[in-house]
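J.: Residue numbers (full-length UniProt numbering): 1 to 96.
Bear in mind the hints are in silico, worked out from the structure with no lab data behind them. Note that beta-carbon positions come from the ideal geometry of N, C-alpha and C, so glycine has one too. Be a bit skeptical, because a hint or two may be false.
Stated by the list, open to error - What follows is a set of in silico ranges between Cβ atoms, one per label pair, in the way DEER data are often shown:
hint, residue 1, residue 2, range
1, Val-91, Ser-68, 46 to 54 angstroms
2, Arg-17, Met-59, 33 to 41 angstroms
3, Leu-57, Ser-5, 33 to 41 angstroms
4, Asp-22, Asp-66, 51 to 59 angstroms
5, Val-77, Thr-47, 49 to 57 angstroms
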Amino acid sequence: MTRISEEQVRHVAHLARLAVTDEEVHKFTEQLDAIITFAEQLNELDTSNVKPTSHVLDMKNVLREDKSAPGLDREDVLKNAPDQQDGQIRVPSIIE
1 MTRISEEQVR
11 HVAHLARLAV
21 TDEEVHKFTE
31 QLDAIITFAE
41 QLNELDTSNV
51 KPTSHVLDMK
61 NVLREDKSAP
71 GLDREDVLKN
81 APDQQDGQIR
91 VPSIIE
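My request is simple: use the sequences and hints to build the entire structure.
T.: Structure representation (structure tokens):
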């Protein structure tokens, strides 16, 4: 019994804008089904004595203190920019 259909794999591939062949759809369906089966096995574990955690290791932030510092000179930055206009760095458009 599969827990995920080929149509669902095609749908997710479409949402992710991935072109997949019929062979890949079949392969991914089998692989995702195996992953779901494995994840369902975790439901069989007794976790009643396990304390909830957000991370398996003890973590703490090791961020430096924010300090104000002078930035780079605009002219120096623009000298290194491949393209600039009106004191701004020009970049290629990424919106279709």
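J.: Hint by hint, note whether the structure agrees.
T.: Verification of the supplied hints:
Range check, Val-91 to Ser-68: about 27 angstroms between beta-carbon atoms, so the 46 to 54 angstroms window is missed. For Arg-17 and Met-59, the Cβ-Cβ distance of about 34 angstroms falls inside the hinted range of 33 to 41 angstroms, so the restraint holds. In this structure the hint that Leu-57 and Ser-5 lie 33 to 41 angstroms apart at CB holds, the actual value being about 37 angstroms. Against the hinted window of 51 to 59 angstroms, the Cβ-Cβ separation of Asp-22 and Asp-66 comes to about 54 angstroms, which satisfies the hint.
A C-beta distance of roughly 53 angstroms is found between Val-77 and Thr-47, which places it inside the suggested range of 49 to 57 angstroms.
Consistency with the previously given hints fails for number 1 only.
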